[in-house]
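K.L.:
These are the residues of each chain, in order.
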Amino acid sequence: MKITEETVSHVARLARLAMPEAERSLLAPQLNDILEYAASLQQVDLEGVPPTSHPFEQTNVLREDEVRPSLSRDAALANAPETEDGQVRVPAVLEGGGGA
Amino acid sequence: MKLNSVKEILASVHKGETTAADWAKASLDAVRKVDGELEAFLTVDEDAALSRAKATTTGQGVLAGVPYALKDNICTQGMLTTAASRILENYIPPYNATVANLLNDAGGVLIGKTNLDEFAMGSTTETSAFKKTKNPYAKGRVPGGSSGGSAAAVAAGIVPFALGSDTGGSIRQPAAFCGVFGLKPTYGRVSRYGLIAFASSLDQIGPFTNTAEDAAIVMNAISGYDKYDSTSAKVEREDFTQDLELGVKGLRIGIVRNLPEEGLNPAVKQAVDAAIRKLEGEGATVVEVDLPHSEYAVATYYLIAPAEASSNLSRYDGVRFGRRAEAKSMIDMFEQSRSQGFGMEVKRRIIIGTYALSSGYYDAYYKRAQQMRTLIRRDYEQAFEQCDVILMPTTPTTAFPFGEKSDDPLAMYLNDIYTIPANLAGIPGASVPCGFVDGLPVGLQVLAKPFAERTILRVAHAYEQVRDFSWPQPELGVAE
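Listed in order, the protein sequences are those of chains A and B. Throughout, the working numbering is defined as the position within the first sequence, counted from one, plus 248. Throughout, the working numbering is defined as the position within the second sequence, counted from one, plus 5.
Treat each hint with caution, since some may be false.
[What the hints assert, rightly or not] Calculated cross-link-like contacts (lysine to aspartate or glutamate; reagent style EDC-like; alpha-carbon spacing at most 20 angstroms):
#1 Lys-333/B x Glu-332/A
#2 Lys-232/B x Glu-314/A
#3 Lys-136/B x Glu-42/B
#4 Lys-232/B x Glu-305/A
#5 Lys-250/A x Asp-368/B
#6 Lys-239/B x Glu-305/A
#7 Lys-372/B x Glu-295/A
#8 Lys-333/B x Glu-330/A
#9 Lys-410/B x Glu-284/A
#10 Lys-137/B x Glu-94/B
#11 Lys-232/B x Glu-312/A
#12 Lys-30/B x Asp-52/B
#13 Lys-239/B x Glu-312/A
#14 Lys-410/B x Asp-281/A
#15 Lys-250/A x Asp-413/B
#16 Lys-372/B x Glu-305/A
#17 Lys-232/B x Asp-313/A
It is worth saying that the hints were derived from the structure and are not from the lab.
With these hints in hand, go ahead and build the complete structure from the sequences.
P.N.:
Right under this line is the structure:
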């Protein structure tokens, strides 16, 4: 279960996080320590124990899908880094592809 | 004008001796006097505070005229909310968190937003992208975290109360380190609508105050079902002050047999044991309880919390809000925005969490952690069949010097050993100052079963009436 810089690199890609070499080499041994510590969980018999995803039993909360007032377009776009014609503008989705 | 008692400020405003504006001015003066060095606040909006104070009419609302601060991961409409992260350094929320609305409605006056570990990830407030908040009792030491700014602001006498959030101890631990009262309510008791999410099955908002009674007053304002928070608990509203004076006669105090004591400072243990004896002297009985899975709590937490965080933080992609890096393609823009916007601790947790959730490791890590969480939760359920509260130290040590643990994440995480289980089990817990070791505060942790905050407040209040250690003046604070 050795975490190498390559592992960090792979996981960082999954998380859409660019990671410079210096950070990868810092993180790899630290993650190793943390996961080795977490390996204590492997030593316990957990066969048949139901997982807890949430402290209390809850069910989905649903409401009627009714039109109601919400944020104005201006308010919703106020924090966007780039907008155009009342919409969020982003770089090309496909590398080397057409416009946004 | 001493800013250390919600109760006294309320009484004074109610009688017309003072006004909301007087208190807001006093609090803003305190910021100017102390915060240059303390660095508890990220944003202070004087004009907003003063106009809010003027609009507050005497005696209206359960917090009428009381100045307060909010941890900067709680959204405030029109006011910068950064989560102490570069990725949100210019974020101005278009809406208020439910707690911000409730405190407004109750007549509270927001003074400013307090520093925290970036996205509430940390135990020292050192991972903030902006400031190093000092411990008011020793400026070379950390205030604890992640709600270090809120704890320090109350301890220094700048505001009589502040809100924080607690995912693995982030209210109780800084409360212990700064010598104030801090309460993490039951999961679901206080709405988290507008709280910037860290780990959604663990996060809970709660108050910092100087006394249990003040915390009860604040809880009356902020708790209750909220239709905007789908995890909000549907329980009746209650008066949290109602049991304060009942005393502890006949109450059963649970102390934990075989509590993990690795790294526990003997002087901290002594202070906590002395507090337990005080309560015994007041008529409580002590019983021993078992929490057999305690030793696995930290491992369990540091898989579950990063896993949830890695998912929650996927929203910071530079598209709709937050920092955006210049890049030619969309994917590049995501990767660079996140890389430039997040600090190391946040990256570390995103990587751990993504790893634990990734194909091939999910069963070995994330699922096993969730199964262990079930056993830890059951430990507490069984323990609370034999006792009304469980008492233990809040932290293994007192506040440590800046930088001491920041290069060793695992050592830092182990500092959370006593606070993490309450979040995993969803139960309420508080930290009450119970002494000083070498001039640094020690916290007594009081835990109870779900929705038994009143029992916690009752025990804490009873203890506050009989505690008799000498209490030094903070090094950084408003002089008396």
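K.L.:
Need the list of violated hint numbers for this structure, in ascending order.
P.N.:
Violated hints: none at all, because every hint is consistent with the structure.
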